[in-house]
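Protein sequence lines, in the order shown, are assigned to chains U, Y, F and X.
For the first sequence, numbering that gives the first Met the number 0 assigns the number 0 to the initial residue and increments by one for each residue that follows.
For the second sequence, numbering that gives the first Met the number 0 assigns the number 0 to the initial residue and increments by one for each residue that follows.
For the third sequence, numbering that gives the first Met the number 0 assigns the number 0 to the initial residue and increments by one for each residue that follows.
For the fourth sequence, numbering that gives the first Met the number 0 assigns the number 0 to the initial residue and increments by one for each residue that follows.
By construction, these hints were calculated from the structure, which means they are not laboratory data.
From the three backbone atoms N, C-alpha and C, an ideal C-beta is built for every residue, glycine too.
Be aware that one or more of the hints could be misleading.
Estimated spans, in silico, between C-beta atoms of each pair [said to hold, decoys possible]:
id	chain 1	residue 1	chain 2	residue 2	range
1	U	T1	F	P136	23 to 29 Å
2	Y	A122	X	R102	39 to 45 Å
3	U	G121	Y	R102	36 to 42 Å
4	Y	R11	U	G121	35 to 41 Å
5	X	V6	F	P136	38 to 44 Å
6	F	A10	Y	R11	54 to 60 Å
7	X	M0	F	P136	53 to 59 Å
8	X	V6	U	Q19	51 to 57 Å
There are 4 protein chains.
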Amino acid sequence: MTLKMSVDDLARFMSAEFPQVADDFVVEDLRPMHLTIRLKIGAQHLRPGGTVSGPAIFALADVGMYLAVLAMIGPQALAVTTNCSLDFMRKPAAGADLIADIRFLKLGRVLAVGDAMIRSDGADEVAARASLTYAIPPALRGRKG
Amino acid sequence: MTLKMSVDDLARFMSAEFPQVADDFVVEDLRPMHLTIRLKIGAQHLRPGGTVSGPAIFALADVGMYLAVLAMIGPQALAVTTNCSLDFMRKPAAGADLIADIRFLKLGRVLAVGDAMIRSDGADEVAARASLTYAIPPALRGRKG
Amino acid sequence: MTLKMSVDDLARFMSAEFPQVADDFVVEDLRPMHLTIRLKIGAQHLRPGGTVSGPAIFALADVGMYLAVLAMIGPQALAVTTNCSLDFMRKPAAGADLIADIRFLKLGRVLAVGDAMIRSDGADEVAARASLTYAIPPALRGRKG
Amino acid sequence: MTLKMSVDDLARFMSAEFPQVADDFVVEDLRPMHLTIRLKIGAQHLRPGGTVSGPAIFALADVGMYLAVLAMIGPQALAVTTNCSLDFMRKPAAGADLIADIRFLKLGRVLAVGDAMIRSDGADEVAARASLTYAIPPALRGRKG
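Work the whole structure out from these sequences, hints included.
In structure tokens form, the structure reads like this:
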């Protein structure tokens with residue numbers, strides 16, 4: 000399988016479609032079926048004590064998987080999350096960005112399934128893991144048929 | 000099982016511990032093992048087209064379950080989410096608040112398990128459902144023994 | 000939404016398609032979007048100490064949701080489980096059958112989402128809860144269009 | 000972290016504690032925080048058409064994670080599954096054994112979290128993936144303190 004969008008394409012897509020959060024995210028690596036994305040931690044992502052909030056961790060996994068799907072199927076903004084299961088295992092390091100490694104386990108006609116391993120920048124151990132399923136809309140499926 | 004905190008106690012706790020988001024949430028009903036909470040939708044929760052963002056839905060489920068745990072075990076800010084599995088089923092109505100009904104399925108010494116049914120205000124159908132597990136820290140467990 | 004199969008239809012379907020396990024299950028109640036099913040516990044479902052095995056609990060949730068889908072869309076054996084998330088909360092009572100209450104949260108063209116609350120026969124508290132997603136195959140979707 | 004049980008220890012444990020299913024499973028590799036296990040497919044694991052049943056896939060993931068936990072904490076039969084989330088992605092090959100690769104993401108004092116990637120023997124692609132959480136009982140936690 001080949002990529003239909005580049006890292007630059009994804010950045011332009013984010014800026015155009017999600018301007019309110021586009022600056023928070025940087026795609027750091029992109030290969031077929033894999034994507035690495037950084038959440039640049041700002042005050043809006045933190046909870047008292049410097050912990051990264053749960054919604055920020057969810058957002059990182061969800062945006063990362065979404066961009067990974069787009070990179071594989073093309074720049075349509077219509078794929079939708081149907082399930083996201085998150086395990087929170089360790090408190091992220093205070094003050095460090097979060098890095099998510101996304102990989103696909105399946106990229107089917109109807110469903111894309113993947114997971115995200117999320118670590119504090121520089122850490123070995125996983126802070127959180129997400130399993131995500133995206134539904135690919137019929138219009139796109141038709142176009143691929 | 001009896002409640003250790005009232006709706007007002009929960010509101011004061013949120014304002015003191017999570018001032019940056021406390022105004023977004025209103026606990027509307029609280030009974031043993033059940034809690035109903037409203038997310039007052041603002042611009043920060045929306046995506047293009049008026050859809051409520053995934054992170055906002057996650058936050059509603061997570062805050063609601065957290066407050067439900069506190070209401071049962073008392074005002075300690077230490078319980079932590081260990082798992083949250085979200086199914087996204089329908090796009091929330093544009094411009095409507097979201098309401099989550101939280102109920103416990105288990106409130107054990109170590110783990111609390113519950114679910115959240117999330118609807119747009121006024122809607123019958125569920126927009127999203129979350130299953131959540133919280134770990135109750137040892138200090139609290141000890142105090143209960 | 001109306002039912003396309005009756006309790007008797009479901010029993011005949013199970014006997015024809017899944018003869019090796021059909022006798023283990025009894026549909027006890029069926030209404031649009033709801034189904035109640037009993038697992039008749041036998042030696043093959045038990046672990047040492049009389050506990051019902053995890054695979055037997057999974058099977059109950061999965062068969063129950065499958066039959067609930069069929070009851071709604073008709074007797075096609077092609078719907079497939081795409082996700083099942085199980086929370087195990089309490090040890091089932093030794094020697095008691097298990098009862099699962101299945102309800103749909105969404106019955107869409109592509110995906111059906113529901114949950115199963117599983118109790119020992121006669122018990123109030125939930126032993127296990129499952130969230131399930133089934134994919135409805137294109138052939139059926141086409142027929143419904 | 001070092002192993003407290005060997006492959007042979009695990010096989011003896013299974014034969015003693017779970018004689019009814021011990022012969023179905025073979026641990027093929029064991030390293031700290033990783034375990035590979037084979038399900039020897041027999042008629043009891045199959046559904047019409049030669050598909051491996053969902054409960055058999057669940058059992059493989061659950062037994063594999065259980066043995067992986069025991070290998071790390073020692074031969075106590077008390078660790079219990081609290082959550083298992085399964086994604087079913089591809090139909091397993093008819094007539095082939097299933098192989099699960101288990102790895103830990105966290106082995107804490109209270110909870111062990113891991114995942115299982117399940118493939119048909121000889122296949123590259125993942126047929127199913129499970130995320131599992133086990134609770135480690137207080138007696139064992141006390142002994143480790």
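Check your understanding: Of the hints given before, which are not true for this structure?
Key -> Of the numbered hints, just 7 does not hold.
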